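Participant: Sequence:
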Amino acid sequence: MTAAMERRVLAARRARLLGGLTGVVLDVGAGTGVNLPYFASAARVLATEPDPHMRQRLARRVDRARVPVEVLDSPAEALALPDASVDTVVCTLVLCTVAHPDRALAEARRVLAPGGRLVVLEHVRGTGGLARWQDRVDPLWRRLAAGCRPNRDTEAAVRRAGFVVEHRDAFAELPKFTPIRTMVELIARPG
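For the sequence shown, counting from 1, position 154 maps to 154 in this note's numbering; every step adds exactly one.
The set of hints was computed from the structure by calculation and includes no laboratory data.
Quick caveat: nothing in here was measured; it's all calculated off a predicted structure.
The reader is advised that the hints may include incorrect statements.
Label pairs and their computed distance ranges (CB to CB) [stated by the list, open to error]:
1. Gly147 / Gly19: 27 to 35 angstroms
2. Ala80 / Val137: 33 to 41 angstroms
3. Gly129 / Thr22: 37 to 45 angstroms
4. Thr127 / Pro52: 35 to 43 angstroms
5. Pro139 / Gly115: 35 to 43 angstroms
6. Leu144 / Phe171: 17 to 25 angstroms
Here a beta-carbon is modelled for each residue, glycine too, at the ideal position from N, C-alpha and C.
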(Lines of atoms letter the chains of each structure in order from A and count residues from 1; the text may use other names and numbers.)
(Lines give C-alpha, C1' and ligand atoms only; values in the text may rest on other atoms or scores of the structure.)
Protein backbone atom coordinates (compact mmCIF):
# COMPACT_ATOMS: atom_id res chain seq x y z
CA MET A 1 0.00 0.00 0.00
CA THR A 2 1.54 3.30 -1.02
CA ALA A 3 1.55 6.27 1.34
CA ALA A 4 -0.85 8.14 -0.94
CA MET A 5 -3.32 5.23 -0.98
CA GLU A 6 -2.99 4.93 2.79
CA ARG A 7 -3.93 8.59 3.24
CA ARG A 8 -6.68 8.63 0.60
CA VAL A 9 -8.33 5.27 1.30
CA LEU A 10 -7.42 3.83 4.69
CA ALA A 11 -6.51 6.57 7.19
CA ALA A 12 -10.11 7.60 7.94
CA ARG A 13 -11.19 3.97 8.18
CA ARG A 14 -8.35 3.17 10.59
CA ALA A 15 -9.30 6.19 12.70
CA ARG A 16 -12.94 5.11 12.88
CA LEU A 17 -12.24 1.41 13.55
CA LEU A 18 -9.29 1.74 15.92
CA GLY A 19 -9.66 5.16 17.54
CA GLY A 20 -11.99 4.17 20.35
CA LEU A 21 -10.48 0.82 21.30
CA THR A 22 -9.89 0.43 25.03
CA GLY A 23 -8.23 -2.10 27.29
CA VAL A 24 -5.53 -4.41 25.97
CA VAL A 25 -5.29 -4.35 22.17
CA LEU A 26 -3.39 -6.97 20.18
CA ASP A 27 -2.22 -5.71 16.77
CA VAL A 28 -1.46 -8.88 14.80
CA GLY A 29 1.18 -8.39 12.12
CA ALA A 30 1.78 -4.79 13.15
CA GLY A 31 4.25 -4.25 10.31
CA THR A 32 5.78 -0.79 10.50
CA GLY A 33 3.34 0.34 13.20
CA VAL A 34 0.97 2.35 11.03
CA ASN A 35 -1.88 1.52 13.45
CA LEU A 36 -0.11 2.75 16.60
CA PRO A 37 -1.18 6.41 16.42
CA TYR A 38 -4.82 5.29 16.33
CA PHE A 39 -4.64 3.35 19.62
CA ALA A 40 -4.62 6.45 21.88
CA SER A 41 -7.58 5.17 23.96
CA ALA A 42 -6.06 1.74 24.63
CA ALA A 43 -4.58 0.93 28.03
CA ARG A 44 -1.84 -1.17 26.42
CA VAL A 45 -0.93 -2.46 22.97
CA LEU A 46 0.69 -5.78 22.18
CA ALA A 47 2.12 -5.79 18.66
CA THR A 48 3.15 -9.01 16.96
CA GLU A 49 5.50 -8.86 14.00
CA PRO A 50 7.53 -11.89 12.90
CA ASP A 51 9.53 -10.09 10.18
CA PRO A 52 12.82 -8.70 11.59
CA HIS A 53 13.01 -5.85 9.04
CA MET A 54 9.47 -4.74 9.83
CA ARG A 55 10.18 -5.00 13.58
CA GLN A 56 13.07 -2.54 13.19
CA ARG A 57 10.76 -0.01 11.54
CA LEU A 58 8.05 -0.77 14.11
CA ALA A 59 10.49 0.01 16.95
CA ARG A 60 10.81 3.62 15.72
CA ARG A 61 7.03 4.12 15.94
CA VAL A 62 6.83 2.35 19.31
CA ASP A 63 9.15 5.03 20.73
CA ARG A 64 6.64 7.73 19.69
CA ALA A 65 3.48 5.87 20.77
CA ARG A 66 1.12 7.56 23.24
CA VAL A 67 0.34 4.27 25.00
CA PRO A 68 2.55 1.46 26.31
CA VAL A 69 3.47 -0.92 23.47
CA GLU A 70 5.12 -4.31 23.78
CA VAL A 71 6.44 -5.92 20.59
CA LEU A 72 6.21 -9.70 20.47
CA ASP A 73 8.18 -11.93 18.11
CA SER A 74 5.20 -14.16 17.56
CA PRO A 75 3.54 -15.50 14.41
CA ALA A 76 -0.20 -15.02 14.04
CA GLU A 77 -0.71 -18.78 14.03
CA ALA A 78 1.00 -19.31 17.42
CA LEU A 79 0.51 -16.26 19.64
CA ALA A 80 2.70 -16.25 22.74
CA LEU A 81 -0.16 -15.05 24.94
CA PRO A 82 -2.42 -16.66 27.55
CA ASP A 83 -6.02 -17.52 26.80
CA ALA A 84 -8.56 -14.70 27.24
CA SER A 85 -5.83 -12.08 27.75
CA VAL A 86 -6.77 -9.27 25.32
CA ASP A 87 -9.85 -7.14 24.79
CA THR A 88 -9.48 -6.57 21.06
CA VAL A 89 -7.55 -8.32 18.30
CA VAL A 90 -6.78 -6.11 15.31
CA CYS A 91 -5.86 -7.51 11.88
CA THR A 92 -5.17 -4.90 9.22
CA LEU A 93 -3.72 -6.07 5.92
CA VAL A 94 -2.17 -9.14 7.52
CA LEU A 95 -4.51 -12.09 6.96
CA CYS A 96 -3.58 -12.02 3.28
CA THR A 97 0.02 -12.91 4.14
CA VAL A 98 -0.16 -15.39 7.00
CA ALA A 99 0.55 -18.97 5.96
CA HIS A 100 -2.49 -20.40 7.74
CA PRO A 101 -5.27 -17.82 8.20
CA ASP A 102 -7.63 -20.35 9.81
CA ARG A 103 -5.04 -21.05 12.52
CA ALA A 104 -4.37 -17.33 12.96
CA LEU A 105 -8.07 -16.65 13.47
CA ALA A 106 -8.37 -19.57 15.90
CA GLU A 107 -5.52 -18.01 17.88
CA ALA A 108 -7.25 -14.63 17.80
CA ARG A 109 -10.36 -16.24 19.22
CA ARG A 110 -8.34 -18.06 21.89
CA VAL A 111 -6.66 -14.91 23.24
CA LEU A 112 -9.82 -12.78 23.27
CA ALA A 113 -11.28 -12.13 26.72
CA PRO A 114 -15.02 -12.66 27.22
CA GLY A 115 -16.83 -9.83 25.43
CA GLY A 116 -13.77 -9.19 23.27
CA ARG A 117 -13.89 -8.44 19.59
CA LEU A 118 -11.97 -8.90 16.39
CA VAL A 119 -11.43 -5.83 14.18
CA VAL A 120 -10.44 -6.53 10.58
CA LEU A 121 -9.45 -4.24 7.72
CA GLU A 122 -8.37 -6.40 4.81
CA HIS A 123 -8.51 -6.74 1.08
CA VAL A 124 -10.61 -9.72 0.00
CA ARG A 125 -11.32 -11.92 -2.95
CA GLY A 126 -13.29 -10.17 -5.66
CA THR A 127 -16.11 -11.66 -7.71
CA GLY A 128 -16.50 -12.70 -11.34
CA GLY A 129 -13.68 -11.70 -13.65
CA LEU A 130 -11.72 -9.99 -10.89
CA ALA A 131 -11.64 -13.22 -8.86
CA ARG A 132 -10.41 -15.18 -11.87
CA TRP A 133 -7.71 -12.59 -12.50
CA GLN A 134 -6.67 -12.72 -8.83
CA ASP A 135 -6.33 -16.51 -9.11
CA ARG A 136 -4.12 -16.16 -12.19
CA VAL A 137 -1.80 -13.50 -10.75
CA ASP A 138 -1.64 -14.99 -7.24
CA PRO A 139 1.68 -16.89 -7.67
CA LEU A 140 3.49 -13.84 -9.06
CA TRP A 141 1.80 -11.36 -6.69
CA ARG A 142 2.91 -13.44 -3.68
CA ARG A 143 6.54 -13.12 -4.79
CA LEU A 144 6.28 -9.39 -5.50
CA ALA A 145 4.21 -8.39 -2.46
CA ALA A 146 5.83 -10.12 0.53
CA GLY A 147 3.58 -13.18 0.43
CA CYS A 148 0.32 -11.29 -0.06
CA ARG A 149 -2.48 -13.44 -1.49
CA PRO A 150 -4.89 -11.25 -3.48
CA ASN A 151 -7.53 -13.98 -3.71
CA ARG A 152 -8.14 -14.83 -0.05
CA ASP A 153 -11.75 -14.91 1.11
CA THR A 154 -10.94 -13.45 4.51
CA GLU A 155 -14.52 -12.73 5.49
CA ALA A 156 -15.44 -16.40 5.01
CA ALA A 157 -12.39 -17.39 7.08
CA VAL A 158 -13.53 -15.10 9.92
CA ARG A 159 -16.94 -16.77 9.93
CA ARG A 160 -15.40 -20.29 9.72
CA ALA A 161 -13.35 -19.47 12.81
CA GLY A 162 -16.59 -19.07 14.77
CA PHE A 163 -16.88 -15.31 14.77
CA VAL A 164 -20.20 -13.52 14.35
CA VAL A 165 -19.80 -10.42 12.20
CA GLU A 166 -21.55 -7.44 13.78
CA HIS A 167 -20.32 -4.77 11.38
CA ARG A 168 -19.35 -5.10 7.74
CA ASP A 169 -18.47 -2.45 5.20
CA ALA A 170 -17.11 -3.52 1.82
CA PHE A 171 -15.52 -0.91 -0.41
CA ALA A 172 -13.55 -0.75 -3.65
CA GLU A 173 -11.57 2.48 -3.69
CA LEU A 174 -8.24 1.08 -4.85
CA PRO A 175 -6.83 1.55 -8.37
CA LYS A 176 -8.13 -0.74 -11.09
CA PHE A 177 -4.61 -1.75 -12.19
CA THR A 178 -4.02 -3.79 -9.03
CA PRO A 179 -5.50 -7.20 -8.16
CA ILE A 180 -6.26 -5.79 -4.71
CA ARG A 181 -9.44 -3.78 -5.18
CA THR A 182 -12.17 -5.01 -2.89
CA MET A 183 -11.61 -4.36 0.79
CA VAL A 184 -13.71 -5.02 3.84
CA GLU A 185 -13.85 -3.75 7.39
CA LEU A 186 -15.34 -6.14 9.92
CA ILE A 187 -16.05 -6.07 13.62
CA ALA A 188 -16.81 -9.53 14.97
CA ARG A 189 -17.26 -11.34 18.27
CA PRO A 190 -16.75 -15.00 19.07
CA GLY A 191 -20.03 -16.87 18.53
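Participant: If a hint holds in the structure, say so; if it does not, say that too.
Facilitator: Hints and how they fare:
1. Gly147 / Gly19: 27 to 35 angstroms: About 29 angstroms separates the Cβ atoms of glycine 147 and glycine 19, which means 27 to 35 angstroms holds.
2. Ala80 / Val137: 33 to 41 angstroms: Holds, at about 34 angstroms.
3. Gly129 / Thr22: 37 to 45 angstroms: At 42 angstroms between Cβs, range holds.
4. Thr127 / Pro52: 35 to 43 angstroms: Given a distance of about 37 angstroms, which is inside 35 to 43 angstroms, the answer is holds.
5. Pro139 / Gly115: 35 to 43 angstroms: Holds, at about 41 angstroms.
6. Leu144 / Phe171: 17 to 25 angstroms: holds, 24 angstroms
Hint violations for this structure: none, all hints satisfied.
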